[in-house]
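Engineer: To convert a position in the sequence shown, counted from 1, into my numbering, add 17.
To be clear, the hints were calculated from the coordinates, so they are not data collected in a lab. In this text, all values refer to a predicted model and were calculated from it rather than measured experimentally. Note that the Cβ used here is the ideal one computed from N, Cα and C, for glycine as well. Where hints are given, some of them may not hold.
Said to hold, decoys possible - Pairs of lysine-lysine residues, derived as DSBU-like cross-links and limited to a Cα-Cα distance of at most 30 Å, are as follows: (1) Lys25 - Lys101; (2) Lys130 - Lys101; (3) Lys235 - Lys55.
Stated by the list, open to error - Simulated restraints on C-beta separations: (4) Thr139 - Leu247: 32 to 42 Å; (5) Ala205 - Pro167: 32 to 42 Å; (6) Asp196 - His224: 11 to 21 Å.
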Amino acid sequence: MNELIWEKYPYLYETHLHTSESSACARSTGAEMARACKEYGYTGIIVTDHNWGGNTAVDRSLPWDEWVGTFALGYEHAKTEGDKIGLDVFFGYEAGYCGTEFLIYGVDAAWMKKHPELARATVEEQYRLVHEAGGMVIHAHPYREESYIPEIRLYPEWVDGVEGINATHSHPESTGHNDPQYDVRAIAYAREHKLPMSAGSDVHGTHLFGGGVAFRRKLTSATDYVRAILAGEDYVLTDGVKWYDKFGNVIEGNR
18 MNELIWEKYP YLYETHLHTS ESSACARSTG AEMARACKEY GYTGIIVTDH NWGGNTAVDR
78 SLPWDEWVGT FALGYEHAKT EGDKIGLDVF FGYEAGYCGT EFLIYGVDAA WMKKHPELAR
138 ATVEEQYRLV HEAGGMVIHA HPYREESYIP EIRLYPEWVD GVEGINATHS HPESTGHNDP
198 QYDVRAIAYA REHKLPMSAG SDVHGTHLFG GGVAFRRKLT SATDYVRAIL AGEDYVLTDG
258 VKWYDKFGNV IEGNR
């Protein structure tokens with residue numbers, strides 16, 4: 018990271034991260050991800066494993082309570098390791114609807130257990146449930162085109178923000194989803210609807226890209242992250258190479 022950016026925004030958070038305990042597409046455990054992120058220089062991470070509607074590693078036939086408990090293991094293992102090494106680890110998840118995906122922040126596994134209707138909820142119902150809990154819904158990589166995404170679906174009225182920067186789209190070491198135009202379109206979409214933007218790496222293993230959101234202050238929880246984004250707090254976005262202001266304008270070049 019550029020030294021000037023480090024000075025102004027010293028607290029970097031990975032907001033889109035998967036673990037092998039809970040996401041079928043991930044290659045590294047929660048503990049391994051925590052250690053790698055600490056070594057990279059992150060202040061904290063938000064574990065966002067794929068839920069029942071996405072590429073989950075957890076048996077969907079399990080009773081709801083058991084499913085949620087098993088699903089949360091990636092986060093719990095990352096949190097245990099993070100507590101040991103001085104990395105903040107917060108809970109989140111990535112909800113899937115036939116390939117359209119949303120990052121959910123500000124809720125926890127205990128809340129999920131109380132809401133088995135989440136497994137059948139529509140996008141609109143998800144939004145209402147998460148909002149009732151004080152959480153936030155971010156549309157993940159809204160313009161990504163892949164075989165598992167049958168069509169681009171946009172829900173500006175049922176999200177709180179947009180993942181404007183996804184490092185897998187633009188980082189030179191990314192081996193999938195490579196097309197910077199996905200982010201260009203996501204930024205334009207967020208601006209059109211005046212929705213706040215986030216950034217994350219969508220990382221599935223310990224080979225990190227360095228994407229995320231950096232703040233002037235240290236966050237205290239996932240709920241604090243929700244407040245900071247929705248209140249328009251000062252922060253910057255990165256794909257691990259370039260830096261952007263919270264409106265998606267490039268402010269810094271290569272590291």
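Engineer: Which earlier hints can't be squared with this structure?
Structural biologist: 4 and 5
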